[in-house]
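Here the protein sequences come in this chain order: E and B. Residues 1 to 371 (my numbering) make up the first sequence, in order. Residues 372 to 837 (my numbering) make up the second sequence, in order.
Quick caveat, the hints were computed from the structure, so don't treat them as lab data. This one's a predicted model, so the numbers in the text were calculated from it and none came from an experiment. All C-beta atoms in this analysis are idealised placements derived from N, C-alpha and C, irrespective of residue type, glycine included. Hints may contain errors.
As the list claims (entries may be wrong) - Pairwise CB distance ranges, derived in the manner of DEER restraints: (1) B/T437 x E/L245: 52 to 62 angstroms; (2) B/G577 x E/Y293: 51 to 61 angstroms; (3) E/Y227 x B/F731: 49 to 59 angstroms; (4) B/T720 x E/D212: 25 to 35 angstroms; (5) B/K412 x E/F152: 49 to 59 angstroms; (6) E/T4 x B/G706: 33 to 43 angstroms; (7) B/G438 x E/R92: 54 to 64 angstroms; (8) B/G438 x E/H367: 19 to 29 angstroms; (9) B/G519 x E/A291: 23 to 33 angstroms.
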Amino acid sequence: MHGTRILEEADRLMTVCNSCRYCEGLCAVFPAMEMRRAFSDGDLNYLANLCHGCGACYTDCQFSPPHEFNVNVPKTLAIARAESYAAYAWPRAFAGAFARNGLVISLVAALSVAAFIFGFAAFNDRQVLFGVHTGPGAFYKLMPHNAMAALFGAAFLYAIVALVMGVRAFWRDIGEPVGMKTDIGALLQAIRDAGELRYLDGGGVGCFDEDDRPTDRRRLYHHLTFYGFALCFASTCVATLYHYLLARQAPYPWWDLPVVLGTLGGIGLLIGPIGLLIERWKRDPVLVDEARYGMDVAFIVMLFLTSLTGMALLILRETAAMGPLLALHLGVVFSLFVTMPYGKFVHGIYRFAALVRYAMERKAMAHGTGE
Amino acid sequence: MADLTKKFDVLVIGGGNAALCAAISARRAGASVLVLEGAPKFYRGGNTRHTRNMRCAHDAATEILTGPYTEEEFWDDLLRLTGGQTDEELAKFMIRESKDILNWIVEQGVRWQPSLGGTLSLGRTNSFFLGGGRAMLNALYLTAEKLGVEIVYDAEVIDLQIEDGMFLSAKLKQPIDSAVEIRASALVAAAGGFEANIEWLKEYWGEAADNFLIRGTPYNRGSILKMLLDKGVQDIGDPTQCHAVAIDARAPKFDGGIITRHDSVVFGIVVNKHAQRFYDEGEDIWPKRYAIWGRLVAAQPDQIAYIIFDASVRNSFMPTLFPPIEGTTIAELAGKLELDPAALEKTITEFNAAVQPGTFDHTILDDCRTEGITPPKTHWARRIETPPYLAYPVRPGITFTYLGTRVNKQSRMVMKDGKPSANMFAAGEIMAGNVLGKGYAAGIGMTIGSVFGRVAGREAAKNARN
Chain E
1 MHGTRILEEA DRLMTVCNSC RYCEGLCAVF PAMEMRRAFS DGDLNYLANL
51 CHGCGACYTD CQFSPPHEFN VNVPKTLAIA RAESYAAYAW PRAFAGAFAR
101 NGLVISLVAA LSVAAFIFGF AAFNDRQVLF GVHTGPGAFY KLMPHNAMAA
151 LFGAAFLYAI VALVMGVRAF WRDIGEPVGM KTDIGALLQA IRDAGELRYL
201 DGGGVGCFDE DDRPTDRRRL YHHLTFYGFA LCFASTCVAT LYHYLLARQA
251 PYPWWDLPVV LGTLGGIGLL IGPIGLLIER WKRDPVLVDE ARYGMDVAFI
301 VMLFLTSLTG MALLILRETA AMGPLLALHL GVVFSLFVTM PYGKFVHGIY
351 RFAALVRYAM ERKAMAHGTG E
Chain B
372 MADLTKKFDV LVIGGGNAAL CAAISARRAG ASVLVLEGAP KFYRGGNTRH
422 TRNMRCAHDA ATEILTGPYT EEEFWDDLLR LTGGQTDEEL AKFMIRESKD
472 ILNWIVEQGV RWQPSLGGTL SLGRTNSFFL GGGRAMLNAL YLTAEKLGVE
522 IVYDAEVIDL QIEDGMFLSA KLKQPIDSAV EIRASALVAA AGGFEANIEW
572 LKEYWGEAAD NFLIRGTPYN RGSILKMLLD KGVQDIGDPT QCHAVAIDAR
622 APKFDGGIIT RHDSVVFGIV VNKHAQRFYD EGEDIWPKRY AIWGRLVAAQ
672 PDQIAYIIFD ASVRNSFMPT LFPPIEGTTI AELAGKLELD PAALEKTITE
722 FNAAVQPGTF DHTILDDCRT EGITPPKTHW ARRIETPPYL AYPVRPGITF
772 TYLGTRVNKQ SRMVMKDGKP SANMFAAGEI MAGNVLGKGY AAGIGMTIGS
822 VFGRVAGREA AKNARN
């Protein structure tokens with residue numbers, strides 16, 4: 001007996017799949033399944049998060065609907081995955097944020113932007129707010145650097161703590177003792193698998209999106225989004241180091257590292273999310289968790305807005321629009337940070353943890369210490 | 372949708388591996404090709420849906436095959452498993468051609484993977500389709516569509532117009548875009564056997580056929596085969612024979628596929644509805660003797676049997692779709708199976724008493740055997756004594772039939788008078804009996820389908836041009 005209806009269904013499917021095994025070469029889910037004969041809630045949550053939702057096993061399955069065995073692994077694991085995000089959320093009181101995630105994220109984003117605009121207006125007089133500021137320290141005429149660093153540092157720290165607590169619960173649930181010996185090999189393997197999106201390729205030909213013709217577009221857009229985000233994050237880190245170590249204040253000239261990283265990342269983070277959104281719209285509803293549409297869209301839109309407002313700020317930073325744009329950008333980024341543990345962002349964290357677990361299991365199997 | 376009232380160069384009837392290989396090879400040879408698949412799109416491909424590998428000869432290990440499997444070894448295997456009921460010339464031709472199929476099929480978009488978990492015994496001889504048979508079909512259909520092959524689903528053919536061994540047209544049950552009569556210069560029949568046609572099976576098996584389960588789709592009704600034989604094509608293969616394995620009695624009537632099979636016979640005993648054993652469960656290495664159990668169960672009253680084992684071996688074989696039925700005592704298990712408890716207890720007590728000491732090893736013909744009972748269990752015999760006691764109910768699961776159309780090396784049908792047909796070709800299960808008079812080895816049906824499908828398509832295209 002399982003905790004939820006969807007885990008019951010996932011168990012039924014894994015029993016069907018384990019007696020077939022045709023899909024074992026497609027991704028990591030099926031080899032991981034084959035290492036087990038029975039499935040606990042934790043096992044099923046592990047498999048659900050290991051699944052990248054490429055859809056190949058559905059298209060290849062002789063028992064998918066309308067067959068009476070009604071095998072739909074991508075959809076079932078997508079729902080189980082989304083429910084697992086809520087189940088592992090920290091603190092527990094915020095688990096409900098996953099239920100109406102689109103609404104929650106929109107509200108937080110709106111409130112956050114409003115707060116920054118209101119704060120900018122309250123703390124600065126009109127001339128400063130709509131004034132033209134150039135040269136080092138221009139941004140900090142509107143908001144002191146230390147206030148900015150403290151606020152965003154706290155938000156980021158909170159997000160990290162909440163994410164760590166969630167992953168801890170997940171890791172414990174999928175059968176790994178907390179605080180076990182770090183396995184560098186498995187970690188590197190997981191970094192490689194996640195970095196390449198190795199399992200978002202339908203076993204080599206691409207994802208099954210709107211029909212049974214595979215394409216590699218979703219992986220491409222995801223790469224643009226992920227690496228775009230990573231470059232933007234790197235840009236922020238470099239700028240922070242510049243500020244504290246080199247005492248060099250933003251804004252930086254266009255050729256300087258933070259701007260180059262941020263611009264490249266920002267372009268990826270504009271194109272990537274648009275592509276992902278289009279692919280999400282086009283996707284065959286049979287493959288996805290339709291109830292979580294809001295969660296997917298909210299996260300994609302937040303990433304897009306982060307980049308859009310950042311790029312607008314870069315382009316218009318020497319005009320009178322800088323003040324309002326800075327408020328807008330900071331508002332969006334702040335809400336992105338605080339909602340990270342309660343939205344689609346967590347998919348990357350749990351999936352990475354599942355990939356680490358999978359790499360460890362594979363090693364154990366190869367050494368003959370597994371089942 | 373193409374204009375179906377025009378005359379096609381090649382008409383392919385059927386939609387599985389053989390049909391698609393024929394359609395692709397005919398199209399690549401420059402012919403206009405129409406495929407009529409009788410099933411709806413989801414169920415396209417007949418038995419190919421449920422396959423997972425193909426047996427091809429190769430002289431050296433490949434990326435996915437662990438060692439060589441020479442033409443001679445393939446031929447020896449085929450000779451042994453058919454007991455000589457094979458056309459040597461055709462069989463050797465097929466084996467030679469199979470070498471090239473390993474590459475050709477990849478060029479058509481199909482991808483290979485190493486043998487699946489639990490099938491290590493096939494790692495050297497058989498190439499597995501990545502994602503299974505339906506993935507293989509999907510790849511072939513995509514390639515065919517890209518090449519411009521016309522494909523129609525739900526297109527049931529109810530009559531063939533054939534004159535003096537020459538195909539003229541096929542008549543559809545339901546008109547498609549007002550077309551009822553499909554004309555073509557050459558025909559490739561690749562529409563499978565009649566395993567899903569219970570009435571036809573009853574002609575040979577009587578009422579017992581009502582208790583057969585069909586492992587593939589309900590669309591393998593053999594109607595094209597029947598039309599061809601009725602219209603002068605020479606038959607081949609024993610019409611009374613079919614390939615059957617023991618599958619779970621709880622499986623659906625049709626299309627339960629591979630996941631309803633049981634490979635646990637060697638770990639226990641098999642009894643009929645009177646709780647009596649009826650055959651040596653330890654006769655030979657699994658899966659070599661796997662395929663005899665369908666036939667054996669078919670011969671038992673009500674075509675039902677029960678594999679009985681105990682808790683000590685429950686994890687010794689692949690996990691099953693349907694869980695075993697459990698009883699803490701033999702009598703309780705018998706009650707759940709609706710068997711006579713006293714009879715089952717007696718059978719198991721006698722069996723246990725007959726088990727001789729030995730060292731169990733299910734990978735070899737070990738020395739665990741019984742003495743003094745009939746039938747004996749000659750290997751892997753161990754006492755059934757650790758509760759809970761477990762059972763799987765099993766019935767005959769029909770996979771395919773052997774009756775087919777005779778063909779020559781061009782895959783061209785041969786008429787009853789011995790003359791080759793002017794423009795009719797056959798590939799796949801519908802002509803498998805030429806090579807496979809009886810018996811079966813994993814993946815050989817797919818070899819027959821791909822090799823003769825490719826040949827039939829090429830020859831039909833050549834035929835249409837002349």
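Structure-inconsistent hints, enumerated in ascending order
4 and 9
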